Amino acid sequence: MINAIGREIPENIAGIKNIKPYGGPFEYVPTGRLTGPNIILNRPRSEKVLKSIEQAIDATGLKDGMTISFHHHFRNGDYVLNMVVAAIAKKGIKGLTLAPSSLNNINEEIIPYIEQGVITAVETSGARGKMGKLLTSGKMAKTTIIRSHGGRARAIESGELRIDVAFIGAPACDTYGNINGVEGKSACGSLGYAMVDAAYADKVVAITDHLVPYPLFPVSIPQTQVDYIVEVEAIGDPKGIASGALRISKDPRELLIAQYATTAIEYSGYFKQDYSIQLGSGGASLAAAQFLKAKMKQQGITASFGLGGVTAPFIEMLDEGLIKAIYDVQDFDIPSIQSMKKNANHQEMSASFYANPHNRGPIVNQLDVVILSATEVDVDFNVNVITDSNGVIMGAVGGHQDTAAGAALSIVVAPLLRGRLPMVIDQVHTVCTPGETVDIIVTERGVAVNPRRKDLRDNLREANIPVMDIEELRDLAYEFAGKPDPILVSDEVAAVVEYRDGTLIDVIRRPLQL
Amino acid sequence: MKLRRTMMFVPGNNPGMLINAGIYGADTIIFDLEDSVAISEKDAARHLVYNAMKAIKYPCEVAVRINHISTPFGYKDLEVILAVKPDLIRLPKSETAADIQEIDAIITAAEIKHGFVPGSIKMMAAIETAKGIRNAFEIATASPRMVAIAIGGEDFLADLQTSRTKDGKEFHSARGQLILAAREAGIHAIDTVFGDVNNEEDFIAETTRIKEMGFDGKSVVNPRQINITHQIFMPTTKEIDHAERVIAAYKESLARKSGVVSLNGKMIDVPVVKRAERTLAYANAAGKNNGRVKL
Chain X
2 MINAIGREIP
12 ENIAGIKNIK
22 PYGGPFEYVP
32 TGRLTGPNII
42 LNRPRSEKVL
52 KSIEQAIDAT
62 GLKDGMTISF
72 HHHFRNGDYV
82 LNMVVAAIAK
92 KGIKGLTLAP
102 SSLNNINEEI
112 IPYIEQGVIT
122 AVETSGARGK
132 MGKLLTSGKM
142 AKTTIIRSHG
152 GRARAIESGE
162 LRIDVAFIGA
172 PACDTYGNIN
182 GVEGKSACGS
192 LGYAMVDAAY
202 ADKVVAITDH
212 LVPYPLFPVS
222 IPQTQVDYIV
232 EVEAIGDPKG
242 IASGALRISK
252 DPRELLIAQY
262 ATTAIEYSGY
272 FKQDYSIQLG
282 SGGASLAAAQ
292 FLKAKMKQQG
302 ITASFGLGGV
312 TAPFIEMLDE
322 GLIKAIYDVQ
332 DFDIPSIQSM
342 KKNANHQEMS
352 ASFYANPHNR
362 GPIVNQLDVV
372 ILSATEVDVD
382 FNVNVITDSN
392 GVIMGAVGGH
402 QDTAAGAALS
412 IVVAPLLRGR
422 LPMVIDQVHT
432 VCTPGETVDI
442 IVTERGVAVN
452 PRRKDLRDNL
462 REANIPVMDI
472 EELRDLAYEF
482 AGKPDPILVS
492 DEVAAVVEYR
502 DGTLIDVIRR
512 PLQL
Chain H
109 MKLRRTMMFV
119 PGNNPGMLIN
129 AGIYGADTII
139 FDLEDSVAIS
149 EKDAARHLVY
159 NAMKAIKYPC
169 EVAVRINHIS
179 TPFGYKDLEV
189 ILAVKPDLIR
199 LPKSETAADI
209 QEIDAIITAA
219 EIKHGFVPGS
229 IKMMAAIETA
239 KGIRNAFEIA
249 TASPRMVAIA
259 IGGEDFLADL
269 QTSRTKDGKE
279 FHSARGQLIL
289 AAREAGIHAI
299 DTVFGDVNNE
309 EDFIAETTRI
319 KEMGFDGKSV
329 VNPRQINITH
339 QIFMPTTKEI
349 DHAERVIAAY
359 KESLARKSGV
369 VSLNGKMIDV
379 PVVKRAERTL
389 AYANAAGKNN
399 GRVKL
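Chains as they are written, first to last, in this note's numbering: chain X, 2 to 515; chain H, 109 to 403.
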């Protein structure tokens, strides 16, 4: 069947139940009730601290075929996922579904366990490197499911993604299971993705390298949601978890893209007192933060709130009073982690609060402006952030779909050319974010406004930036780099890309050349 | 009026930079075949620049800095590059009028050979020695193709047997003589590069200084220096307002066929009108013309 953006979605895909084709950003109306974890009895002074991960695995009753989850706030410094999967493998448990909020390169360590059948299915936001290649290879026993951060929260809360055991890396944890992310040697800041897992998994295991006497405060994940606690030597490598303040790019091309993006915001009509904004952590986004800061100061404008993955430039804006509050689902650097610890206006939030389209109001719905990055974009404004030019999974959807749908103005920044490859093309290989939710594409050569947004195009005419048709950008890209040959793929679906509402926006077929 | 506030050097042997050279808003890009290209890559750079100029429409003036004709590369550079009709040839280390005239003859021959409009390829000279500075006016007027003279900083300092200081005192005399020669010849005076691209503060100070001295622009080595330079060269709102009033009064007097131009009871002479035109040209280029006058 063909979905609403013209993508062919097979009627039967191994392991995917209730296939619903994408119909539009707010077309699918859900029914049913939220799910919940099992009810249990907890007696006074029960002991939650166990001696080892193995003991915790036994205590949870983990069995073949169950689903386990992890959070990715430790980014490329994560030890927890690898440690737990190794322990599970030792016990001979097989056929598990691995459902982390995302996967990083460091998690490649578990590939042998996938090959041995310990893990036979993956549901996540994305993957890179060897893991991405494996998920695209068609060698997985079950089709991989790729979801946005909001989509994952939705799937968990609706029971579509049923987590049997959630393993939560806890930078600080007390002896009764209260957890926060801002203390300890492995502090990562917000635990926004883990919050949903903790609230809905049947069993929750906290793994910590900073066990403290009861009670810990502040509390991010409460004792009421934690079954067992294991203390280990290290849950992550601080160097991989968070760097010092992320550096603003010096790449002139990124700076130019950032300048155009900032000017587009300035002239969009949304740049006014108490507007709200989300910026990414990519080079152009960080640079845009600097330019935006200058414009806000110049024009005496302050933002009501900032959102999403948090970085040092955002914190500076908070500290200088240019942003009144920050809602934080993930931190990228040390200044952000420290800020969340000390500043009451820097508020931790769950992935559901952030972006779940099927609760009573994700904060993305209140967002005015978001800047997002892209691997490639097409003339219908569809965006791919997941597959590389060879069709292999190499990125993550993250909050892309969620913020693009929720924000009044969604700006996608991308270079026109990456090396010898055009990035504005006829049709993206994989659609992650539908073009109808993307308003402006910014490249170093020109800025294209979605024809649906005539109002924006009229506004931007006043701005001193090159506004072009998206087709002109594509033609320019092809003129420089030539038109790329389509990636040859088999019929075999290696992964599905869900839209945030659970419908299928695209499928990733196994490339013939891997 | 042609502006040369920023003349950006782009190494001729870097394909990525050649492709993107035109996007940063420099008034002139200078594809460099000389100092930024290693001897082993001279050949490749020459042909890369040739092909880039053939294939890409740059939205600004395009210059090529050739190697000196005393090297084995200079004539070859001209032979290849002139075929794609650069707007401007930049000569390194010019010391005498004869240096200019020799290249002028080669360009003239190339224009005839390729059927280009005679005189359409311009020239500028970099002066990099004390001798060159002494001959600056002769160099500036050696050919009608000459549109600018510039200081080539590092070589000049080597010749002077000194080094850079924070306030640039080592350049004072040369800059002064260069600007006088350029003004007398009626062509542009371009300042030398500021190589420490991360030192924004000193770059701003130096560029402000040379703007105040009367220079028309600066050679830059990084796109990040372009906007800063353009900002420094941007006239103030007050200057623009005044210039607009001068031009309006001048146009009105022309319409009245009156030989006398006055504004608020004060006589306006030709240099004032020219200065006003220059101010508005800089304002227009920076997109800050108060929305009224377009030149």
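Because the hints were derived from the structure by calculation, they are not lab data. Keep in mind the model is a prediction, meaning the values are calculated, not measured. For each residue, glycine too, the CB sits at the ideal point set by N, CA and C. Hints are not guaranteed to be accurate.
[Said to hold, decoys possible] Calculated cross-link-like contacts (lysine-lysine; reagent style DSS-like; alpha-carbon spacing at most 27 Å):
1. Lys-162(H) to Lys-484(X)
2. Lys-165(H) to Lys-251(X)
3. Lys-162(H) to Lys-221(H)
4. Lys-131(X) to Lys-143(X)
5. Lys-64(X) to Lys-18(X)
6. Lys-325(X) to Lys-342(X)
7. Lys-298(X) to Lys-346(H)
8. Lys-374(H) to Lys-359(H)
9. Lys-18(X) to Lys-140(X)
10. Lys-273(X) to Lys-455(X)
11. Lys-346(H) to Lys-296(X)
12. Lys-342(X) to Lys-240(X)
13. Lys-382(H) to Lys-110(H)
14. Lys-251(X) to Lys-359(H)
15. Lys-298(X) to Lys-273(X)
16. Lys-274(H) to Lys-221(H)
17. Lys-64(X) to Lys-95(X)
18. Lys-319(H) to Lys-484(X)
19. Lys-52(X) to Lys-95(X)
20. Lys-131(X) to Lys-92(X)
21. Lys-319(H) to Lys-251(X)
[Stated by the list, open to error] Some chain H residues flagged as far from chain X (calculated, every beta-carbon gap over 10 Å):
22. Ile-127
23. Pro-226
24. Glu-320
25. Asn-330
26. Arg-332
In rising order, the numbers of the hints this structure does not comply with: Hint check: 14, 16, 18, 22, 25, 26 fail, others pass.
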